[in-house]
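Q: In case you want the letters, here they are:
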Amino acid sequence: MSDSVIRVENLVKSFGHNRVLDGIDLVVNRGEVVSLMGRSGGGKTTLLRCLNLLEEPTQGVVVVDGEVVSKDGKSLHRAQRVQLRQRVGMVFQSFNLFQHLTAAENVALPLLRVGKVERGEAVRRAVDLLARVGLADKALELPARLSGGQQQRVAIARALALRPVALLFDEPTSALDPESSREVLEVMRELSTEGITMLVSTHEVGFALDASHQIVFIDRGRVVHAGPPREVVFESASERTREFFAGFVRHGGGALT
Amino acid sequence: MSLSVASFGPFHVDWISWAPTLGSGIVKTIEFTFASFVGAVVAGLLLALMRESPAAPVRWLARIYTEIFKNLPLLTEIFLVYFGLASLGLRLSVFQAGCASLVVFYAAYLSEIFRGGLQSVAAGQREAAHALGLTEREVLTWVVIPQAVRLVMPATTTMLVDMLKSTSLLITISAAELMTAGQLIASTTFRAMEVYFVIGVIYFAMCYPLSVTSLWLEKRLKAGIPLSPRRRRLITQVRLASAGEVAS
Chain A
0 MSDSVIRVEN LVKSFGHNRV LDGIDLVVNR GEVVSLMGRS GGGKTTLLRC LNLLEEPTQG
60 VVVVDGEVVS KDGKSLHRAQ RVQLRQRVGM VFQSFNLFQH LTAAENVALP LLRVGKVERG
120 EAVRRAVDLL ARVGLADKAL ELPARLSGGQ QQRVAIARAL ALRPVALLFD EPTSALDPES
180 SREVLEVMRE LSTEGITMLV STHEVGFALD ASHQIVFIDR GRVVHAGPPR EVVFESASER
240 TREFFAGFVR HGGGALT
Chain B
0 MSLSVASFGP FHVDWISWAP TLGSGIVKTI EFTFASFVGA VVAGLLLALM RESPAAPVRW
60 LARIYTEIFK NLPLLTEIFL VYFGLASLGL RLSVFQAGCA SLVVFYAAYL SEIFRGGLQS
120 VAAGQREAAH ALGLTEREVL TWVVIPQAVR LVMPATTTML VDMLKSTSLL ITISAAELMT
180 AGQLIASTTF RAMEVYFVIG VIYFAMCYPL SVTSLWLEKR LKAGIPLSPR RRRLITQVRL
240 ASAGEVAS
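Heads up: the protein sequence lines correspond to chains A and B, in order. Under numbering that gives the first Met the number 0, the first sequence has 35 at position 36, and the numbering climbs by one with no breaks. Under numbering that gives the first Met the number 0, the second sequence has 51 at position 52, and the numbering climbs by one with no breaks.
By construction, these hints were calculated from the structure, which means they are not laboratory data. Careful, some of the hints might be misleading.
Stated by the list, open to error - Computed from the model, here is a short list of chain A residues facing chain B with C-beta under 8 Å:
#  : residue
1  : 51
2  : 53
3  : 89
4  : 91
5  : 103
6  : 108
7  : 112
8  : 119
9  : 123
10 : 138
11 : 139
12 : 161
13 : 237
14 : 241
15 : 245
Said to hold, decoys possible - DEER-style ranges, computed between Cβ atoms:
#  : chain 1 : residue 1 : chain 2 : residue 2 : range
16 : B       : 51        : A       : 237       : 37 to 47 Å
17 : B       : 56        : A       : 22        : 31 to 41 Å
18 : B       : 51        : A       : 66        : 24 to 34 Å
19 : B       : 207       : A       : 188       : 51 to 61 Å
20 : B       : 196       : A       : 118       : 48 to 58 Å
21 : A       : 162       : B       : 230       : 20 to 30 Å
22 : A       : 185       : B       : 209       : 49 to 59 Å
23 : A       : 136       : B       : 63        : 52 to 62 Å
24 : A       : 82        : B       : 48        : 17 to 27 Å
25 : B       : 135       : A       : 181       : 32 to 42 Å
Positions of the beta carbon are idealized from the N, C-alpha and C atoms, including for glycine.
Generate coordinates for the entire structure from the input sequences, incorporating the hints supplied.
A: Following this line, the structure appears as structure tokens:
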């Protein structure tokens, strides 16, 4: 059995009467890039948030890096929850950079406060990470002075700071124009070749086809089809899946650069 | 007092010989303002945090306090604290009573200002901070409060200036601050217009610089200039490190 970093069994999440996740099964192995796709509101974001306990699952089992994070509605609390989040990084659709800190300080904050890294070392690592996402020259800029694509790349650098075992991406390019989108997807593609485990909720079918090992199509809180990218997009046995990807396929999505 | 010939235009009061009285009045005013402001900020912050508490009774307590003391005149509170408590056996000094009533009054307003500031810091940033593995306290300390401070600074300075002016009400408990000094001089020299005019000018001279300083501080903060020496050192290190990085 391969080394699973994230394992989800029969995950259910309800908000009051609204059952957003209706029994999700998912496995993400070490070094894998998994794309979560589906309609907005279908549960992709909620699923990601259940993995780092920004939401608490109602039922089901969530295992991250060998540790049971949630079972039968009981999830990790306080100190253990804080520890979990140090092992799993998250990148948000709206970047969520700390507005009062420069790019380098944003990346250094988790190192200084959580990692308890000494200041000189924290600065070195922060600048290195920024260089990795192509923003070494923006280290001293405040987020307000950065473009959307640049902000998101800083956010990615920040999420990488504590060397998490997995990165969760919640529609990282949905708030970006096509050009900025490309910048960010490029960084994500590079990360994916470096063996980082990634779970990406996205509408970017191109990225999902190129860079991921698996596409998981979620609709109305359930996994409709999970499998190799080309199979899910072009050859799905499920009608709902075919329907979802029809737009992409029809508009020349078959020929990819 | 003196029947001195030192008069200047319409100014007939011998201000030179009254200078010590004025001086001690000014000092007293500043003492009241400073002590009460510190107290009110602490209390206001505490109340604002209580309003965000997950425990309902804590929230309620803070809410009730704020509603009560936003709706009582400061003068009434001064009398309640100084005369009211004394009649119950708790005799506070003029300074204690004056500060207590100012703190109690302004904490209510400051807590509303602070609450607004805390809530204005976008929830997304809070989430991101949690997602990085920061504890609730760390999120407040490093992400929320630094930004909230910038947001509340204008309104808070307005309250400070307002508080300085409010110390004048303490004349009613003979607090020996500037207004009390003014009344003493006026009743001795019988030159009410001149005396209170000068008192007014002094109040203006104390309040106006406060407003100007706060504006200056705001501008610096907006430009991203770091306030704390710790951040300044950090930024210097970043500058050095990134210069090396970009060059390579």
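Q: Quick check: which numbered hints come out false for this structure?
A: 13, 14 and 15
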